[in-house]
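Full structure from sequences and hints, please.
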Amino acid sequence: MQFEIRDPRPIWQQLAQQLRERIVTGVYPPGSHFPTVRELATQAGVNPNTMQRAMAQLELDGLLITNRTAGRTVTEQRDVLDSMRRQLARERTEEYLKYLEALGFDRRAAADLLAPEGEDNHE
Amino acid sequence: MNELLTCTGLTRYFGQTKALDGVDLTLTSGKIVGLLGPNGSGKTTLIKIMNGLLQPTAGEIRIMGSAPGVASKGMISYLPDRGYFPEWMRVGDMIEMFYDFYADFDRDKAEDMCRALGLEADSAIKTLSKGTREKMQLMLVMSRAAKLYLLDEPIAGVDPAAREFIMQTILTNYNEDGTVLISTHLISDVEQVLDEAVFLQQGRVVLHEAVDSIRERTGESVDALFREMFRAQLY
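Keeping their order, the protein sequence lines are chains A and B.
So for the first sequence, this note's numbering puts the first residue at 1; every next one is plus one.
So for the second sequence, this note's numbering puts the first residue at 124; every next one is plus one.
Hints may be right or wrong, so weigh each one.
[Stated by the list, open to error] Computed, partial: chain B to chain A, Cβ under 7 Å:
#1 I155
#2 T295
#3 Q315
#4 D318
#5 D335
#6 E339
#7 G342
The hints are simulated quantities; they were obtained by calculation from the structure and are not laboratory data.
Keep in mind the model is a prediction, meaning the values are calculated, not measured.
Don't be surprised by glycine CBs; every beta carbon is placed ideally from N, CA and C.
This is the structure we're talking about:
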């Protein structure tokens, strides 16, 4: 899996976003050991200070727990993980709706597009 | 913030040409800094003054409190913008020479990097391609545990895959307490590695800011901002 830095937002925010996705999708499972700043910075090809900032944000989110002796682990709190999962879904949905709005679809028409083939008859 | 290097009103003429025009710049430890500017903006002149190869016409430079000299050369690891090695020498000879020359040269690190970069100790320099020469120079420079790495155009003239490899090598090998100054005009290739960007325009520092702070403030990448600033100059 690759990190992608493609848009003009601050780099640490893009890294934080992708790390959150990795955690809620179970790439790094609940309770598991989280890689070090250095490892992830090398993997992403970014400055360690930038990766450090992204990981500090994940600690603030409650997704990462810092242990004094054992480095960082992924949280085991289901509610924290679930609420982050919902937050990511909401953000993506907003983007989707904004795009469709620009194309001339209202929210109802946009939602219709999400229904599987053959189920979108509201008569 | 511990100051590593300070330039005050640094000015340099070449005959009638003003290459540097009152540069004020402070670098702190533990940063990777991009020295960014179009060709002829003064990047190489500034780097050469920093490592004592050129004298300023006016102004002052201090490296950890003292003027460039024997002591600062022991702390600075310099990658010039062109090769200066005798063609007949071999990669292994260069490692020996650097090991003799610099107290902070880590031979094990040099050998590890040779393996990673695919460099053979018994290859003669004259047989190396441009990209491989670039990698060899980088290997020598990054094998030192320096306080300040001055890398003048480390990725110019090599293909994009080699550029990525070179940037990775810099990232994984620099001394974390030290500062790396990378001059380049290929900004999109270095942007994500940098803490800070310094924009040089006609011998002046026109911007010195953290990369993510530039992105936050302008909503643009450093690459996009650079293109905008230096395009406007044409008209």
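Hint check results:
1. I155: holds, 6 Å
2. T295: holds, 6 Å
3. Q315: holds, 5 Å
4. D318: holds, 6 Å
5. D335: holds, 4 Å
6. E339: holds, 5 Å
7. G342: holds, 6 Å
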